[in-house]
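Starting from the structure of chain A, add chain B where the hints point.
Number of protein chains: 2
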Amino acid sequence: MPRAWTLVARPQGTPRQSDFALVDQPATPLEDGQVRVANRWLSVDPYMRGRMNDVKSYVPPFKLDAPMEGGAVGEVIESRAEGIEPGQWVLHMLGWRDEAVGPAAAFTPLPDLGAPPQAFLGQLGMPGMTAYFGLLAVAEAKPGDTVFVSAAAGAVGSTVVQVAKAKGMTVIGSAGGAEKVEWVRSLGADAVIDYKAGSIVKALGEAAPEGIDVYFDNVGGDHLDAALAHARPRARFAICGMIDVYNDAKPTQLKYLARLIGNRVTMRGFIVSDHMGRAAEFHRDMGAMLADGKLRSEETVHDGLEAMPDAFLGLFSGGNRGKMLVRV
Amino acid sequence: MPRAWTLVARPQGTPRQSDFALVDQPATPLEDGQVRVANRWLSVDPYMRGRMNDVKSYVPPFKLDAPMEGGAVGEVIESRAEGIEPGQWVLHMLGWRDEAVGPAAAFTPLPDLGAPPQAFLGQLGMPGMTAYFGLLAVAEAKPGDTVFVSAAAGAVGSTVVQVAKAKGMTVIGSAGGAEKVEWVRSLGADAVIDYKAGSIVKALGEAAPEGIDVYFDNVGGDHLDAALAHARPRARFAICGMIDVYNDAKPTQLKYLARLIGNRVTMRGFIVSDHMGRAAEFHRDMGAMLADGKLRSEETVHDGLEAMPDAFLGLFSGGNRGKMLVRV
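Chains A and B are the protein sequences, given in the same order. To convert, note that position 257 of the first sequence is 257 in UniProt numbering; the numbers rise steadily by one, no gaps. To convert, note that position 44 of the second sequence is 44 in UniProt numbering; the numbers rise steadily by one, no gaps.
Bound-form chain A, shown alone:
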């Protein structure tokens, strides 16, 4: 019998296991135009935390006691839709469950880029597009720029590092702990800050004595403040995420915010779905970088549908290197 994770209580602060329940789903016969997919890979992403609150946002909140949603890749096992055949691999948003049923339009065949299917949940999917368009379109980063990226060992951050290097930029990443720092350096970063080892403002000043042109923010808080402290004139900040505040209502404290003025800094929040119309351009450029050996990706994999909440919670305790995934 198919099963799905439902949200049974809206988390206060950091979510707990008891906020989620794995529930049997009724068998659903297919209607005309529908497809049944056996999910093989499920995505967990920080933005999902926002959907657990009952707050109007750019994506609607999860409904209580209904299956949650999220990125997933799977194999078509039954089809009553023209043009989709059993055996085909597809990308879709009916994650947090082992079997997905929906209209054919909800499922996208995977582009043929010579990459494994789960890459379309990571570097070649939403996190990769976030990195690519955040860096190149939102922050308008260009060759020669000095780029600072926080959470550089994460799915988005590690792709920012590599795209920036491939495009001729100087890159400073931040990550927590010696092992992740070493990994980010191995991706090509010119310098890596261990944010657990001391003041980020001080470390960034040493890593970028001339300042930074671009900041790609996944974290907020002290990282953002350090970027403000070291922003060069006309620096551009792409504000992608603030994992620091997702579970915590404490205000962000910024000592260096007024430097925005004299340095004419632009800070711009963005969400990747605004750039979905440019997916073909993204796949073409990333496919070329992949073929040239300029992109490496890493996955932190949990096994079994049961592991979904653990994998999700691991995002907030720094439990992943690269893309966090669940293999069903």
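Because the hints were derived from the structure by calculation, they are not lab data. Since the structure is predicted, the reported quantities are computational estimates derived from the model, not experimental observations. Treat the hints with care, since some could be wrong.
Because identical chains share one entry, a pair is satisfied inside a single copy or across any pair of copies.
Unchecked claim - Restricting the straight-line Cα-Cα distance to at most 27 Å, the calculated cross-link-like pairs of lysine-lysine (BS3-like) are:
no.: 1; residue 1: 142; residue 2: 202
no.: 2; residue 1: 167; residue 2: 142
no.: 3; residue 1: 165; residue 2: 202
no.: 4; residue 1: 56; residue 2: 202
no.: 5; residue 1: 167; residue 2: 294
no.: 6; residue 1: 196; residue 2: 255
no.: 7; residue 1: 255; residue 2: 202
no.: 8; residue 1: 294; residue 2: 63
no.: 9; residue 1: 142; residue 2: 294
no.: 10; residue 1: 294; residue 2: 202
no.: 11; residue 1: 196; residue 2: 250
no.: 12; residue 1: 202; residue 2: 250
no.: 13; residue 1: 196; residue 2: 63
no.: 14; residue 1: 255; residue 2: 56
no.: 15; residue 1: 63; residue 2: 167
no.: 16; residue 1: 294; residue 2: 165
no.: 17; residue 1: 142; residue 2: 63
no.: 18; residue 1: 63; residue 2: 255
no.: 19; residue 1: 63; residue 2: 250
no.: 20; residue 1: 165; residue 2: 196
no.: 21; residue 1: 255; residue 2: 167
no.: 22; residue 1: 165; residue 2: 142
This is chain B only, laid out in the frame that chain A set:
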């Protein structure tokens, strides 16, 4: 004997009278190409606080024990330069003193817009250009937008209110105390918040139930946070000043910063000198608004060179309505 205000100590926090001294200046015979101007009006502006610190910024710090600088308007009383005659009125940056001597290029004849000379220190000068280009170029405000402006009773803010109304926008201002609130309303603002009367977040939510498209920030702090709380999708913030932190090193606390992301807000710091090349366009458009009776300006005037520090300090205690000036 001419006199000038010098900075004798770099202020810690709010400046004190003892940080300044009024000092006799040696009589200076004119060299070829030089002009002598009797200053009639002196400007005090919040940005001057930054120049009192010994910190690299977009304008160099004031030197200790030397005459300070700032906007001034005066009458030429002696000239050894071609094309500048005694009796002519000029705008220049050798303020904080009663007599200015310098090369002809340092003095700009006042444009003929039918306005009193001191208007070129206010609405038709640097504060007016700050309002005009901050609103229209930096925040890209357009007819139909809902605009929130803090310190709306100040020299910059009161001009933002009037330019925005003249261009067909809905305007919400904030000011401190009933008298200033009433005055900002009389300038045409659709709603005015008294920031001394309670929560700015709550008041802005009531004044703009559909949210704001543009925020013109002169204050920072709680005003900025309220603007973040009520930003509509794709809102633009022009960050002009943060008078809240000029005298105070306490960090800015923002509860609503992460809303930048979902609403794709752009925050952009700016300084008016980047737009000086467009002064002719500014004078043309403002001159037309003035002729149409769409611009009113108010001045808070202190008398006598001796009053400069009082006038300057009054900027930080809400002591002015409209442009703060000293008449020499």
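*Which of the stated hints cannot be reconciled with the structure, identified by number in ascending sequence?*
Hints 8, 10, 13, 15, 17, 21 are the ones this structure does not satisfy, whereas the remaining hints hold.
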